[in-house]
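Protein chains: 2
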Amino acid sequence: MKERPDLERWLPLPNAVRLGDPTALPAGFRAGGVSAGSKPSGALDLGVIHCTEPAMTSAARFTPSATAAAPVVITRDRCDTSRLRAVLVNSGNANASTGKMGFEEAARMQGAGSILLGIPIEHLGLCSTGKIGEPLDGRVFVQTLPRLGDDLSSDATTFNQAICTTDLFLKRAAVDLELAGGTVRITAQAKGAGMIHPGFATMLAFVQTDAELSASRCGKLLDNALADTFNRVSVDGQLSTNDTVVLQASGASGVAPADDAEDKLVQAALDHVMLDLALQLIADGEGATRLAKVRVKGGDPLGHAADKVADHIATSPLVQTALLGADPNWGRIIQAAGHALAGRGPVDFDVSFGGVQVCRANQATRYDRDAANAAAAEQLVEIEVSFLGDGEATRYFCDLTVDYVKFNSEYTT
Amino acid sequence: MKERPDLERWLPLPNAVRLGDPTALPAGFRAGGVSAGSKPSGALDLGVIHCTEPAMTSAARFTPSATAAAPVVITRDRCDTSRLRAVLVNSGNANASTGKMGFEEAARMQGAGSILLGIPIEHLGLCSTGKIGEPLDGRVFVQTLPRLGDDLSSDATTFNQAICTTDLFLKRAAVDLELAGGTVRITAQAKGAGMIHPGFATMLAFVQTDAELSASRCGKLLDNALADTFNRVSVDGQLSTNDTVVLQASGASGVAPADDAEDKLVQAALDHVMLDLALQLIADGEGATRLAKVRVKGGDPLGHAADKVADHIATSPLVQTALLGADPNWGRIIQAAGHALAGRGPVDFDVSFGGVQVCRANQATRYDRDAANAAAAEQLVEIEVSFLGDGEATRYFCDLTVDYVKFNSEYTT
Numbered sequence: 004m005k006e007r008p009d010l011e012r013w014l015p016l017p018n019a020v021r022l023g024d025p026t027a028l029p030a031g032f033r034a035g036g037v038s039a040g041s042k043p044s045g046a047l048d049l050g051v052i053h054c055t056e057p058a059m060t061s062a063a064r065f066t067p068s069a070t071a072a073a074p075v076v077i078t079r080d081r082c083d084t085s086r087l088r089a090v091l092v093n094s095g096n097a098n099a100s101t102g103k104m105g106f107e108e109a110a111r112m113q114g115a116g117s118i119l120l121g122i123p124i125e126h127l128g129l130c131s132t133g134k135i136g137e138p139l140d141g142r143v144f145v146q147t148l149p150r151l152g153d154d155l156s157s158d159a160t161t162f163n164q165a166i167c168t169t170d171l172f173l174k175r176a177a178v179d180l181e182l183a184g185g186t187v188r189i190t191a192q193a194k195g196a197g198m199i200h201p202g203f204a205t206m207l208a209f210v211q212t213d214a215e216l217s218a219s220r221c222g223k224l225l226d227n228a229l230a231d232t233f234n235r236v237s238v239d240g241q242l243s244t245n246d247t248v249v250l251q252a253s254g255a256s257g258v259a260p261a262d263d264a265e266d267k268l269v270q271a272a273l274d275h276v277m278l279d280l281a282l283q284l285i286a287d288g289e290g291a292t293r294l295a296k297v298r299v300k301g302g303d304p305l306g307h308a309a310d311k312v313a314d315h316i317a318t319s320p321l322v323q324t325a326l327l328g329a330d331p332n333w334g335r336i337i338q339a340a341g342h343a344l345a346g347r348g349p350v351d352f353d354v355s356f357g358g359v360q361v362c363r364a365n366q367a368t369r370y371d372r373d374a375a376n377a378a379a380a381e382q383l384v385e386i387e388v389s390f391l392g393d394g395e396a397t398r399y400f401c402d403l404t405v406d407y408v409k410f411n412s413e414y415t416t
Numbered sequence: 004m005k006e007r008p009d010l011e012r013w014l015p016l017p018n019a020v021r022l023g024d025p026t027a028l029p030a031g032f033r034a035g036g037v038s039a040g041s042k043p044s045g046a047l048d049l050g051v052i053h054c055t056e057p058a059m060t061s062a063a064r065f066t067p068s069a070t071a072a073a074p075v076v077i078t079r080d081r082c083d084t085s086r087l088r089a090v091l092v093n094s095g096n097a098n099a100s101t102g103k104m105g106f107e108e109a110a111r112m113q114g115a116g117s118i119l120l121g122i123p124i125e126h127l128g129l130c131s132t133g134k135i136g137e138p139l140d141g142r143v144f145v146q147t148l149p150r151l152g153d154d155l156s157s158d159a160t161t162f163n164q165a166i167c168t169t170d171l172f173l174k175r176a177a178v179d180l181e182l183a184g185g186t187v188r189i190t191a192q193a194k195g196a197g198m199i200h201p202g203f204a205t206m207l208a209f210v211q212t213d214a215e216l217s218a219s220r221c222g223k224l225l226d227n228a229l230a231d232t233f234n235r236v237s238v239d240g241q242l243s244t245n246d247t248v249v250l251q252a253s254g255a256s257g258v259a260p261a262d263d264a265e266d267k268l269v270q271a272a273l274d275h276v277m278l279d280l281a282l283q284l285i286a287d288g289e290g291a292t293r294l295a296k297v298r299v300k301g302g303d304p305l306g307h308a309a310d311k312v313a314d315h316i317a318t319s320p321l322v323q324t325a326l327l328g329a330d331p332n333w334g335r336i337i338q339a340a341g342h343a344l345a346g347r348g349p350v351d352f353d354v355s356f357g358g359v360q361v362c363r364a365n366q367a368t369r370y371d372r373d374a375a376n377a378a379a380a381e382q383l384v385e386i387e388v389s390f391l392g393d394g395e396a397t398r399y400f401c402d403l404t405v406d407y408v409k410f411n412s413e414y415t416t
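Chains A and B, in that order, give the protein sequences.
With this note's numbering as the guide, the letters of the first sequence map in order to residues 4 to 416.
With this note's numbering as the guide, the letters of the second sequence map in order to residues 4 to 416.
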């Protein structure tokens with residue numbers, strides 16, 4: 004998909020929310036992006052998102068990978084993630100698997116950025132995305148920083164461009180939320196497109212709001228939103244070395260949620276923005292042509308059986324290739340579900356495509372083949388799987404295509 | 004690969020073993036295969052392997068899938084797996100996800116086969132392989148049984164053909180083993196080619212020997228061999244609904260292992276035959292063009308960290324597409340290894356391709372690029388990964404190709 008597909012069917016608008024302009028940052032933020040020349044294409048490769056309010060708050064979450072990249076380790080372990088005033092991002096080189104020199108180069112960029120923006124070192128986070136295992140030359144970024152400083156504005160566009168690698172379209176979202184005290188705005192930017200799999204926080208994503216929020220509230224909002232959004236999508240089941248998501252709240256609107264009800268409105272608005280980003284990520288999954296949403300009901304709600312079934316379905320190359328073929332192939336769904344609950348004795352599953360039940364208790368029903376085929380041929384395919392029990396899980400995924408294989412076999416380190 | 008590639012490098016011949024003729028069954032066995040006409044191609048689709056020695060012994064292992072097929076349930080739960088005199092196999096239809104009718108059709112075939120061969124019902128196992136979720140018409144097989152009965156001989160060829168589905172070549176192996184009491188023979192047949200992943204026992208495989216073995220010894224031999232062979236290969240990480248492996252010992256040679264040392268010789272010979280079959284399975288993985296063996300050393304031997312790392316590497320589509328591209332892409336190895344040990348804090352990995360170390364402690368070494376590229380371009384690619392600790396694990400896998408995606412997106416239920 005070369006353009007963001009129409010995702011509205013899976014993005015119902017919450018109460019008190021209207022869609023906003025994703026290029027217009029909330030009050031208290033400025034951003035920019037420039038080319039330091041590290042990409043052969045000359046595309047933008049260095050960006051910063053900066054909150055100008057010293058009393059701001061933030062939260063950040065990172066990949067749990069045991070081989071996390073240098074910028075992840077520095078931001079996670081050596082910054083104050085409750086007050087990340089700014090995040091400096093380079094794209095094209097992940098600064099992962101680059102050893103001690105990778106840490107030095109990252110530290111160099113952090114030091115330079117801190118002076119440029121006039122903020123303490125520990126308030127400047129770092130993100131890198133791109134090739135793994137290639138030495139990063141921080142000098143080209145450091146010497147470009149003054150030019151980046153000149154580019155800063157309340158328009159998110161160049162920052163959004165500067166964080167991209169193989170992305171075919173900009174991933175961004177924005178909403179305005181009406182609270183009793185006034186309007187607050189949430190904007191967000193992310194980059195794709197391979198190595199996407201749930202794991203606490205996934206990929207690079209940046210979320211800004213001008214609402215007044217405590218740092219601990221930021222953390223709770225982010226954890227809740229991740230659980231229902233980024234942690235429910237998979238492109239290829241591969242956890243990245245660099246995944247980072249940062250939520251920054253400037254407080255510049257002067258509006259804070261007034262009560263529990265308004266806390267929930269803020270959560271719903273943030274969930275909406277992040278689900279929008281997450282769906283854009285899989286829509287731009289390498290080679291993707293079709294998306295699927297699988298809703299699983301069954302199992303003990305505390306036992307995660309529904310999650311296991313949903314994960315196995317979403318990451319099965321057999322299901323993913325059937326999605327490419329517009330095939331309502333419930334046999335492969337049953338196979339993946341049986342794999343997910345291996346060793347648990349026989350389990351009976353029902354399967355529907357777009358509301359057309361094609362399988363009851365692991366067995367074909369007499370179904371309307373034209374309707375099922377039509378449901379499997381939509382751009383957004385809806386699959387429902389159920390078995391005994393009250394657990395629930397939802398996952399979103401894309402198809403596995405010839406282009407994914409071509410891209411990843413021809414793209415070399 | 005349309006022909007069995009040269010796998011000898013990964014199949015060192017054990018002591019006292021020489022390669023045998025895979026079409027010549029050991030003493031005490033006969034087999035056959037015919038076409039019942041269930042395949043549009045008219046290819047053979049019904050086969051039987053029959054031990055003519057009433058005092059024979061056997062062992063069988065099955066998929067742990069929670070949606071196991073009817074023939075798996077019937078053979079596993081209602082047969083005497085320590086004395087499976089014969090196994091009746093149909094190919095083209097897996098009789099999986101076929102409900103009560105699937106059990107009836109399987110039972111019908113079992114009843115008919117029992118009369119044909121003159122053996123008790125509980126001594127006749129069943130296997131099916133092919134499409135999932137399509138009703139099986141047992142009548143066509145039952146009415147073809149008399150013709151199958153006429154085809155039985157000591158030549159394994161038509162049986163071997165009759166168990167195939169999308170296989171491009173026959174999977175078979177044979178060895179002769181010199182023991183103090185005389186020579187014993189082991190032959191084996193298997194079918195591929197997708198949905199292959201470790202899980203106790205995988206795919207359909209049949210192993211025959213004329214050695215004298217107790218049923219409990221058969222079970223131990225089979226468990227040990229599976230752990231080191233079938234449970235170490237993966238094509239697409241997908242556990243099947245029908246996986247079954249059966250070891251039958253006729254005792255017709257009159258030769259039993261004389262002592263512990265000879266027990267070990269038998270185990271090594273069986274391991275060799277089953278590793279040969281397992282490698283043939285992945286060599287005929289759907290669309291496969293290149294094979295890899297990844298040896299992982301590290302972690303607590305009791306903690307399975309090495310197994311996790313090896314599993315993640317072998318099932319990563321990023322590693323599998325790099326294998327297709329003949330790319331010694333150690334960055335994707337580090338990413339998969341980091342994913343495998345997610346949440347464990349930083350771990351340093353070394354990576355070699357064909358003995359050429361390309362990465363030390365997650366960082367590029369100065370390596371001979373031509374040598375590494377040559378190692379990654381071989382038909383059999385050897386990858387070594389190590390980290391702190393004494394655990395060990397080995398996995399074999401094939402590349403992920405355009406043909407895999409095409410085949411599985413165009414092949415519909």
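You may find that some hints are simply not true.
Note that identical chains are pooled: a pair holds if it fits in a single copy or bridges any two copies.
[Stated by the list, open to error] Capping the alpha-carbon separation at 25 Å, the derived lysine to aspartate or glutamate pairs in DMTMM-like fashion look like this:
#1 300 with 56
#2 267 with 153
#3 267 with 406
#4 5 with 406
#5 134 with 83
#6 42 with 226
#7 103 with 353
#8 103 with 406
Keep in mind the hints are simulated off the structure, nothing from the lab.
Everything numeric in this text was worked out from a predicted model, so none of it was measured.
Is it within, between, both, or neither for residue 267 and residue 406, if the alpha carbons may be no more than 25 Å apart?
Cα proximity of residue 267 and residue 406: none, with 41 Å in one copy and 48 Å across.
For residue 300 and residue 56, with the copy left unspecified, which applies at a CA distance of at most 25 Å: within, between, both, or neither?
neither (45 Å within a copy, 50 Å between copies)
Homo-oligomer pair classification [residue 226, residue 42; C-alpha up to 25 Å]:
neither (34 Å within a copy, 53 Å between copies)
Can you give me the call for residue 103 and residue 406, within, between, both or neither, at a CA distance of at most 25 Å?
neither (36 Å within a copy, 41 Å between copies)
Checking residue 134 and residue 83: alpha-carbon separation at most 25 Å within a copy, between copies, both or neither?
neither (27 Å within a copy, 56 Å between copies)
State whether the alpha carbon distance between residue 267 and residue 153 is at most 25 Å within one copy, between copies, both, or neither.
Cα proximity of residue 267 and residue 153: none, with 38 Å in one copy and 75 Å across.
How would you classify residue 103 and residue 353 at a CA-CA limit of 25 Å: within, between, both, or neither?
Between copies, since 15 Å is at most 25 Å while 53 Å is not.
Given a CA cutoff of 25 Å, do residue 5 and residue 406 count as a within-copy pair, a between-copy pair, both, or neither?
For residue 5 and residue 406, both the intra-copy (13 Å) and inter-copy (24 Å) Cα distances are at most 25 Å.
In summary, the numbered hints that this structure violates are 1, 2, 3, 5, 6 and 8.
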